[in-house]
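Undergrad: In case you want the letters, here they are:
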Amino acid sequence: MEVKRIESNGFEELWVNMGPQHPASHGVFRMQIKVDGEVIKEVIPHIGYLHRGVEKLGEFLTPVQFLPVLDRNDYLSSVSNEFPFALAIEKLANISVPERAEYLRVIAAELMRISSHLVFFGTFCLDMGGALGGGSTIFLYAFREREKILDILEKWTGSRMHLNLITFGGVRYDIYPGFDKDLKDFLKDFENKIKEYEDMIENNPVFLARTKKVGILPKEIAMEHGCSGPVLRGSGIKFDLRKAKPYSVYNKFEFEIPSFPDGDVYSRYKVRLMEMKESIKILRQAIDGIPSGPINSLMPLKVKTHIKLKEGEVYEAVESPRGENGVYIVSDGKFGLYRVKLRTPTFYNLSVIPYLLKGALIADVVAILGSLDPVFGDVDR
Amino acid sequence: MNALINSLIYGIIILLIVFTIVAYLTWIERKFAGRMQSRIGPYYVGKPHGWLQPIADVLKLILKEEITPKNVDKLIYNLAPFAVLTPSLLLFAVLPFSEKIIISNSSVGILIFLAISSIIIIGGFMAGWASNSKYPLISAIRGGAQIVSYEIPLLFSIIVPCLLAGSLNPLEIVKKQKIWFILYPFVGQISFLIFLISGLAEENRTPFDIPEAESELVAGYTVEYSSMKFAMFYAGEYAHLLALSGLGTILFLGGWKGPFLPGPIWFIIKSIILFLILLWIRWSYLRIRIDQLLKFSWKFLFPVSVLNLLLTGLIVILR
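As they're listed, the protein sequences go chains A and B. The first sequence begins at 40 in the working numbering and counts up one residue at a time. The second sequence begins at 528 in the working numbering and counts up one residue at a time.
Calculated from the structure, these hints are not laboratory results. Just so it is clear, CB atoms sit at the ideal spot from N, CA and C, and this is done for glycine as well. Honestly, I wouldn't trust all of these hints.
Covered stretches of chain B, as calculated for chain A (at least 3 residues, CB under 8 Å) [what the hints assert, rightly or not]:
| hint | stretch |
| --- | --- |
| 1 | 530–537 |
| 2 | 588–600 |
Straight-line alpha carbon distances no greater than 20 Å define the calculated DMTMM-like cross-link-like pairs of lysine to aspartate or glutamate that follow [claimed, not checked]:
| hint | chain 1 | residue 1 | chain 2 | residue 2 |
| --- | --- | --- | --- | --- |
| 3 | B | K822 | A | E81 |
| 4 | A | K232 | A | D221 |
| 5 | A | K347 | A | D371 |
| 6 | A | K187 | A | E241 |
| 7 | A | K316 | A | D219 |
| 8 | B | K661 | A | E77 |
| 9 | A | K220 | A | D327 |
| 10 | B | K661 | A | E81 |
| 11 | A | K380 | A | E352 |
| 12 | A | K234 | A | D371 |
| 13 | A | K130 | A | E295 |
| 14 | A | K252 | B | E730 |
| 15 | A | K373 | A | D221 |
| 16 | B | K661 | A | E51 |
| 17 | A | K284 | A | E317 |
| 18 | B | K661 | A | E98 |
| 19 | A | K284 | A | D301 |
| 20 | A | K291 | A | E241 |
| 21 | A | K194 | A | E235 |
| 22 | A | K397 | B | D600 |
| 23 | B | K661 | B | E699 |
| 24 | A | K80 | B | D818 |
| 25 | A | K187 | A | E235 |
| 26 | A | K227 | A | E186 |
| 27 | A | K284 | A | D75 |
| 28 | A | K73 | B | D818 |
| 29 | A | K251 | B | E626 |
| 30 | B | K661 | A | E52 |
| 31 | A | K223 | A | D327 |
| 32 | A | K223 | A | D213 |
| 33 | A | K373 | A | E352 |
| 34 | A | K284 | A | E295 |
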């Protein structure tokens, strides 16, 4: 009888499944991880559990019908999904947008950016601290502030997350009287709250030990994989579409693009925290400078179900909280669109997972995955 | 014979008290955590402030269906919850609630406490191995590594008050405390801090809840358990925590001593305050990583506790 030998050092490697139903997977994401003790040797990521065929839907729905579907892609920042599609259709159909509508779009997008980053902040700490520990404390603090944003948005548009606000030629709903007071009160309060988060987290030795020099993503790798947004800026590349290729009215505002050169989990966290501060700046300038006028150039024709499109193709992208959110559409001049391709940022950001996790420890998985801030509606589409 | 009946009666009384306190510790913890996280906590079951919540929880756990997975090692799987709960309750045998109320007055009480306290992890090991699942297995391995490295600083921090009192008998230690040992210059405070930290680690509480680590290993070695078996793990954990708080009270906070109120009440109050300090740490820290934990233990806590012990020895000799 042949004796079965174990490997020379007497240890065996173990395949561990993380997901699709796992507390730290931020949705439905499955990683097969080969571990040697605590050290990760190999990672096989599996996506597609949330695939809904959104791109195909875009081909047989009219553009107006397709807009609310897009909201469900990156469900934490719905406005930044509608935004590039509206830009693309407007370009193809030659629709102008009144300035007031542009301002309202920017306000909604920046509010959504803060709320999305708050979700990142909360869940990131929740992953590292556990639901029965300090992590959940920070999680609830972050969601307390997010709730205020959602309340403002609900008062404005009637929805909390899937706003369906942007439409072709402008926005659907005008702000209510007293909106600027609500917003300014919130911003004033939120500025102090950000300081509170920083005090709570950034002097905490446990947090620093868990995030600094963990999951280092070098510039070159980040660019090779097509990363964008905070993941790219965390690796030291100052690239933000709001500055690099200003769309809408972003060139009217003064703000910085935060970026940190280390490329570790901490700098990705820090980029997002600084971005919230920059968003506050933009919101202040926007609410002060908002002009009066119509909010939609296609009004008063309220229900515009059929938009006449030219033949041709267009790519438009905006800076969503997760990176470059692009839409590529091809039209053959007939009813509906010939082809819709969505360039969603998280899909590319997530592709660095096998690189980042190799050689890390099991505990780092949650920190690294959390720092990429994936939304699986956005990955799988 | 008389002494046997005595300790039997005390045993039953103390067990009942401990079970009640353990049930209500969960309520206290949830209320406390709620306060820290700007929410209310349990509210609706029993007015005011959901005071019936623990009873509802226990009822729910009893009535739940007991699930035994198919490929588990049945004997060890069923034995593991008992291996956690029984030693946790045994710990109270050597803790004096007052000068008279003690189940077993042994001259090496502290040593017995430590011995029992370190076999609790064996229950975790059994659960991790018998579950025949990967998360519990990794969790059990982590738990073992953690206990081994934190037992030593804990031991050294406990020896300090014993040295100062010159005894291993809990009753003697409390009687010798003219001032509480936590107020003893330098050595008292240092060893109290080490006791708190390694106590947290021994308890698998949040900065050190690495074996549990629900965001990595789902729930550690209790993943495959349900119903009352899970509740036994839970109760064992809380009983162990309460016992450790009780030990801290005896060693550092003057045990049952205090004005106005009777001894046992003081003992329970002090223990719960110590428990709340542990909670405070738990609900405000993130989880540390296993290699950082081991490094912290062996490279910092261990040398400091040894030096502290040497210093205490010097003080005792020169006194």
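Undergrad: Each hint: holds or not?
TA: Hints, one by one, checked against the model:
Coverage of the stretch 530–537 of chain B by chain A is violated [criterion: at least 3 residues with CB-CB distance below 8 Å; count 0]. Look at the stretch 588–600 of chain B against chain A: 0 of its residues bring a Cβ nearer than 8 Å to a Cβ of that chain, fewer than three, so the hint is violated. Taking the CA atoms of K822/B and E81/A, the gap is near 25 Å; set against the 20 Å cutoff, the hint is violated. Taking the CA atoms of K232/A and D221/A, the gap is about 16 Å. The hint holds against a cut of 20 Å.
For the hint pairing K347/A with D371/A, the CA-to-CA distance comes to about 11 Å; that is within 20 Å, so the pair holds. At most 20 Å may separate the alpha-carbon atoms for a hinted pair to count; K187/A and E241/A exceed this at roughly 24 Å. The suggested pairing of K316/A with D219/A holds, with an alpha-carbon distance near 18 Å, which does not exceed 20 Å. A hinted pair counts as satisfied when its Cα atoms are at most 20 Å apart, and K661/B with E77/A qualifies at roughly 12 Å.
A hinted pair counts as satisfied when its Cα atoms are at most 20 Å apart, and K220/A with D327/A qualifies at roughly 11 Å. In summary, the hint linking K661/B to E81/A is supported, as the alpha carbons are separated by about 17 Å, within the 20 Å threshold. For the proposed pair K380/A and E352/A, the alpha carbon gap of about 11 Å is at most 20 Å, so the pair holds. Among the hinted pairs, K234/A with D371/A is inconsistent with the structure: their alpha-carbon atoms are about 52 Å apart, more than 20 Å.
The suggested pairing of K130/A with E295/A is violated, with an alpha-carbon distance near 28 Å, which exceeds 20 Å. Restraint check: the Cα-Cα separation between K252/A and E730/B comes to about 29 Å, which exceeds 20 Å; the hinted pair is violated. Between the alpha carbons of K373/A and D221/A the distance comes to roughly 44 Å, so the proposed pair goes past 20 Å and is violated. As the CA atoms of K661/B and E51/A are separated by approximately 13 Å, the hinted pair is consistent with the 20 Å bound.
With a CA separation close to 18 Å, the supplied pair K284/A and E317/A stays within the 20 Å bound. Taking the CA atoms of K661/B and E98/A, the gap is near 45 Å; set against the 20 Å cutoff, the hint is violated. For a cut-off of 20 Å, the pair hint linking K284/A to D301/A is broken: about 25 Å separates their Cα positions. A distance of roughly 33 Å separates the Cα atoms of K291/A and E241/A; the hinted pair therefore is violated under the 20 Å criterion.
With a CA separation close to 27 Å, the supplied pair K194/A and E235/A exceeds the 20 Å bound. Between K397/A and D600/B, the direct Cα distance comes to roughly 34 Å. Violation of the 20 Å bound is thereby established for this hinted pair. With a C-alpha separation of about 47 Å, the suggested pairing of K661/B with E699/B is violated against the 20 Å cut-off. Our distance criterion of 20 Å between C-alpha atoms is met by K80/A and D818/B, whose separation comes to about 17 Å.
Distance check on the hinted pair: K187/A and E235/A sit about 17 Å apart at the alpha-carbon level, within 20 Å; holds. Proximity of K227/A to E186/A is assessed by CA-CA distance (about 16 Å); at most 20 Å being required, the pair is judged to hold. A C-alpha spacing of about 46 Å is found between K284/A and D75/A, which places the hinted pair above 20 Å, so the restraint is violated. Note on K73/A and D818/B: the hinted pairing holds, with a Cα-Cα distance of about 19 Å set against a maximum of 20 Å.
Annotation: proposed proximity of K251/A to E626/B is violated, straight-line Cα distance about 51 Å (limit 20 Å). The hinted pair formed by K661/B and E52/A meets the criterion: a straight-line CA distance of about 12 Å does not exceed 20 Å. Between K223/A and D327/A the CA atoms are separated by roughly 10 Å; this keeps the pair inside 20 Å, and the hint holds. A hinted pair counts as satisfied when its Cα atoms are at most 20 Å apart, and K223/A with D213/A qualifies at roughly 17 Å.
Simply put, K373/A and E352/A have alpha-carbon atoms about 13 Å apart, close enough for the 20 Å limit, and the pair holds. Taking the CA atoms of K284/A and E295/A, the gap is near 15 Å; set against the 20 Å cutoff, the hint holds.
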